[in-house]
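Protein chains: 2
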Amino acid sequence: MEAVRSCSEVYLETYTSLLTNTPISTLESFYGKTIIEADRETVESNAERILANAASSNVAFLVVGDPYGATTHTDLEIRARELKIEVVKIHNASIMNAIGAAGLQLYKYGETVSIVFFTETWRPDSFYDKILANRRSGLHTLCLLDIKTKEPTLESLARGKPVYEPPRFMTVNQAVEQLLEVEGRRGEGAYGEETMCVGVARVGSRGQRIVAGAMGRLREVEFGGPLHSLVIAGEMHELEEKMLRTYFDVDVVGKAVEEEEEEEGG
Amino acid sequence: MEAVRSCSEVYLETYTSLLTNTPISTLESFYGKTIIEADRETVESNAERILANAASSNVAFLVVGDPYGATTHTDLEIRARELKIEVVKIHNASIMNAIGAAGLQLYKYGETVSIVFFTETWRPDSFYDKILANRRSGLHTLCLLDIKTKEPTLESLARGKPVYEPPRFMTVNQAVEQLLEVEGRRGEGAYGEETMCVGVARVGSRGQRIVAGAMGRLREVEFGGPLHSLVIAGEMHELEEKMLRTYFDVDVVGKAVEEEEEEEGG
Numbered sequence: 458m459e460a461v462r463s464c465s466e467v468y469l470e471t472y473t474s475l476l477t478n479t480p481i482s483t484l485e486s487f488y489g490k491t492i493i494e495a496d497r498e499t500v501e502s503n504a505e506r507i508l509a510n511a512a513s514s515n516v517a518f519l520v521v522g523d524p525y526g527a528t529t530h531t532d533l534e535i536r537a538r539e540l541k542i543e544v545v546k547i548h549n550a551s552i553m554n555a556i557g558a559a560g561l562q563l564y565k566y567g568e569t570v571s572i573v574f575f576t577e578t579w580r581p582d583s584f585y586d587k588i589l590a591n592r593r594s595g596l597h598t599l600c601l602l603d604i605k606t607k608e609p610t611l612e613s614l615a616r617g618k619p620v621y622e623p624p625r626f627m628t629v630n631q632a633v634e635q636l637l638e639v640e641g642r643r644g645e646g647a648y649g650e651e652t653m654c655v656g657v658a659r660v661g662s663r664g665q666r667i668v669a670g671a672m673g674r675l676r677e678v679e680f681g682g683p684l685h686s687l688v689i690a691g692e693m694h695e696l697e698e699k700m701l702r703t704y705f706d707v708d709v710v711g712k713a714v715e716e717e718e719e720e721e722g723g
Numbered sequence: 458m459e460a461v462r463s464c465s466e467v468y469l470e471t472y473t474s475l476l477t478n479t480p481i482s483t484l485e486s487f488y489g490k491t492i493i494e495a496d497r498e499t500v501e502s503n504a505e506r507i508l509a510n511a512a513s514s515n516v517a518f519l520v521v522g523d524p525y526g527a528t529t530h531t532d533l534e535i536r537a538r539e540l541k542i543e544v545v546k547i548h549n550a551s552i553m554n555a556i557g558a559a560g561l562q563l564y565k566y567g568e569t570v571s572i573v574f575f576t577e578t579w580r581p582d583s584f585y586d587k588i589l590a591n592r593r594s595g596l597h598t599l600c601l602l603d604i605k606t607k608e609p610t611l612e613s614l615a616r617g618k619p620v621y622e623p624p625r626f627m628t629v630n631q632a633v634e635q636l637l638e639v640e641g642r643r644g645e646g647a648y649g650e651e652t653m654c655v656g657v658a659r660v661g662s663r664g665q666r667i668v669a670g671a672m673g674r675l676r677e678v679e680f681g682g683p684l685h686s687l688v689i690a691g692e693m694h695e696l697e698e699k700m701l702r703t704y705f706d707v708d709v710v711g712k713a714v715e716e717e718e719e720e721e722g723g
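Top to bottom, those sequences are chains A and B. Sequential numbering of the first sequence, starting at 458, is according to our numbering. Sequential numbering of the second sequence, starting at 458, is according to our numbering.
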């Protein structure tokens, strides 16, 4: 809070994650600062703009999660250091450790995978080999689910003047559909309908929802609004199984979830 | 802050991690609460004491890092939920994600390993197979280094009245010694003197120190006070190599480190 309040400019990165239940205006009044939203284009192609005043005054670059959660953040740090600008990082919880809430021990996770929205012609399955390797080693897999914010439509790109599609956030249900489609195609038994999984939504917020169950079963579970993530379990210790049983098709925070969903009209 | 201030009892878990640069008295005046230190015995054998008043009033259990960083914390949650006590978790940065500061991308880490202090007769090397598997898959390995707080001496145990050894925290240097000893014994080429590593100390504090270099080289680097961790790199992308080059035997925060070390007389 003190760090942000000391800044002349405050950016908020808005394309790798999403603030749950906190409008930007709330942040602005908390910090007493105008917040400039930084989309992918700003961060990747116009980093000079963010760094322009950082040599002579404090500039904040806020992210949802930890500052090292996304490659582009690291890239921004390297650019800053090349310009001899001092970079101070303030760490924070991120899905990479808050996923501990799913009930499986963090040190037993293998490589993290990303699952992107399939299109008619582009159905990449590079996650499959990674999940297979993790499962063969008895390790859990965190699946980060795709986020599309401010994507230009193909038609608008062809016309040379970008028009943006509405933001999309992959649900646990969609992820499971894609995972099972790829298992059907590859057939190497990395996982299947019966594989134990944990779906999580809005982790760390009051309205979080965590449901454990067979992968096929999670296809039908309603998790509510974004962001969602999915864990594919590996071998489990007794304590982990015990924790997962408490998440079999129940809400973690019980009543609070329903209240919050009603407020949001969801 | 508000959550802790609402509590009738506040515990601080003191055996899986260490508060860097913050005496408990500082926390006590910040929260306006007396803080009860909870060692391993209290948490593992006397959890009832912590949970005794939690049904009728708010009780805080503070940990350094994220609430799901240690198995015993999960166990405490399960006990509480068995007693129908509502458990609210507030996530935080932990070494499991703050290790992103080492410059290697979090999603490319494999299974995390723990390295315990070798004794004359007990030199466990179960970490070796895990590092080997990670390295074969091109993945980075986070090595969590042993912490011994309030360990009874063997002699005192024999006498039935525990006398405790002074706390010990494994350094990067000690970890490297043990790792190379095990490679010498096993000889399967999981890593060696020339393997790229990153040693980190006091991550997230103003006096943090991060040094990248060949494993053998890190044996000689002075990292200062606890806590230390070590990363053994897997395959690296260009961006990761670029980040690591900025950590070749230099302090991240430059001058701030020296100042802090002087203050501490270290």
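None of these hints come from the bench; they were simulated from the model. Treat the hints with care, since some could be wrong.
The list treats identical chains as interchangeable, and a pair is accepted whether it falls inside one copy or across any two copies.
[What the hints assert, rightly or not] Subject to a maximum C-alpha distance of 25 Å in a straight line, what follows is the list of computed SDA-like cross-link-like pairs (lysine to any residue): (1) K699 / A504; (2) K699 / G595; (3) K699 / R676; (4) K546 / V521.
For each hint, the structure was consulted:
In this assembly of identical chains, the alpha carbons of K699 and A504 lie at most 25 Å apart only when taken from different copies (18 Å versus 47 Å within one copy). Taking the closest pair of Cα atoms, K699 and G595 come within 25 Å of each other only inside a single copy of the chain (18 Å); across copies the shortest separation is 33 Å, beyond that limit. Taking CA atoms no more than 25 Å apart as the test, K699 paired with R676 passes inside one copy only; the shortest distance there is 23 Å, against 41 Å between copies. In this assembly of identical chains, the alpha carbons of K546 and V521 lie at most 25 Å apart whether taken from the same copy (13 Å) or from different copies (18 Å).
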